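Start counting the sequence shown at 75; every next residue gets the next number (the numbering used here).
Take the hints with a grain of salt, since some may be wrong.
Restraint-style ranges between C-beta atoms, simulated for each label pair [claimed, not checked]: (1) Arg193 x Arg223: 36 to 46 Å; (2) Glu139 x Arg267: 16 to 26 Å; (3) Val245 x Pro155: 13 to 23 Å; (4) Ser112 x Ala235: 35 to 45 Å; (5) Arg132 x Ser112: 20 to 30 Å; (6) Glu259 x Ala135: 13 to 23 Å; (7) Arg218 x Pro178: 32 to 42 Å; (8) Arg193 x Asp150: 23 to 33 Å; (9) Ala135 x Asp231: 34 to 44 Å.
In case anyone wonders, no lab produced these hints; they're calculated from the structure. Bear in mind that the values here come from a model prediction, so they are computed numbers and not experimental data. The beta-carbon is built from N, C-alpha and C at its ideal position, and this holds for glycine as well.
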Amino acid sequence: MLSRPHPKPARSGRPRSAEADEAILEATRASLVDLGWSKLTMGDVATRAGVAKTTLYRRWAGKNELVVDAVAVLFDELEMPDLGSLAADVEAVVLQFAALLDRPETRTALMAVVAESTRDEALRARIRDSIVNRQKRLVLQGRRRAQERGELPVEPDDATADLTADLIFDVIAGAVVHRTLVSAEPVDADWARRFTLLLLAGLGAAAGQAVRQKPAGSV
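Generate the whole structure from the sequences, applying the supplied hints.
Take a look at the structure:
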C-alpha cells in the first residue's frame, strides 16, 4: 500500500513579505544614521536587512523612494488624541511630533530626503504623497472633533475647509520642524502650550473675519 505524501504546509506570503519590508525599512534608517545619505547604497541596506538586493528593487526603484518610505512609516506612528479639548489635543500631538523628530533615524532621514528633493521634483512629489498628505489626517481628525464640540465653526464649503486644513498643517509642521531641526531648540510642555495658544488665537481670529466677510443674505 502506497503511503500518501505528507501535505506541504501552506505558505503565507504576506506575513513574510511584511516582515521583509519592516526589516528593509529599519535597515534603511540604520544605514542613514551610520553612513549618511551620500554613502547609503541599496546593497548596504540589503545586507543589513538580510535580503537579496533584487528584493529591494522589486519594491523600490532606488534609494530615494526607499528612504521616503522608511521615513513615512515613522510618521504613521503619530496619533491625534481625544483629550476633551482642542487645546489639549494640539499640545499632545505637537509633543508627539517633536519626540519623533528628536529620534536620530527620523531626523537624519527627513533632512536627507528634503535636501535631495530640492534637485528632484519626483522625490518632492513622493514626499508630499507619502508623508505630508498622509499626515494631514491628524488635522482632519482634530478639526472634526473640535467642530463636534463647538470649539471651531464649520467651514462654509469644501474648498475653504481644504484651505484651512492645509494652513493648520503647515503652521504646526513648519513650527515644530524649524524648532527641532533648524533651531535645535527643545519642544517641551511649556513651548507646546504657548504655541497652541497662539495657534488657536489665530484660528479664532480667522473664523471671526470669515463671519464678518460673509455676503449679505447668505446662510
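A quick look at each hint next to the structure:
The hinted range of 36 to 46 Å is satisfied by Arg193 and Arg223, whose Cβ atoms lie roughly 45 Å apart. Separation of Glu139 from Arg267 is about 38 Å and departs from the stated range, judged on CB atoms against 16 to 26 Å. In this structure the supplied range 13 to 23 Å holds for Val245 paired with Pro155, their Cβ-Cβ distance being about 19 Å. For Ser112 and Ala235, the hinted distance range of 35 to 45 Å is satisfied, since their beta carbons lie about 42 Å from each other.
Range check, Arg132 to Ser112: Cβ separation about 25 Å, and the 20 to 30 Å hint holds. Remark: the range hint 13 to 23 Å for Glu259 to Ala135 is contradicted by a beta-carbon distance near 37 Å. For Arg218 and Pro178, the Cβ-Cβ distance of about 34 Å falls inside the hinted range of 32 to 42 Å, so the restraint holds. Range check, Arg193 to Asp150: about 27 Å between beta-carbon atoms, so the 23 to 33 Å window is met.
Evaluation of the 34 to 44 Å hint for Ala135 and Asp231 yields a pass: the beta carbon distance comes to about 39 Å.
Of the numbered hints listed earlier, those contradicted by the structure are 2, 6.
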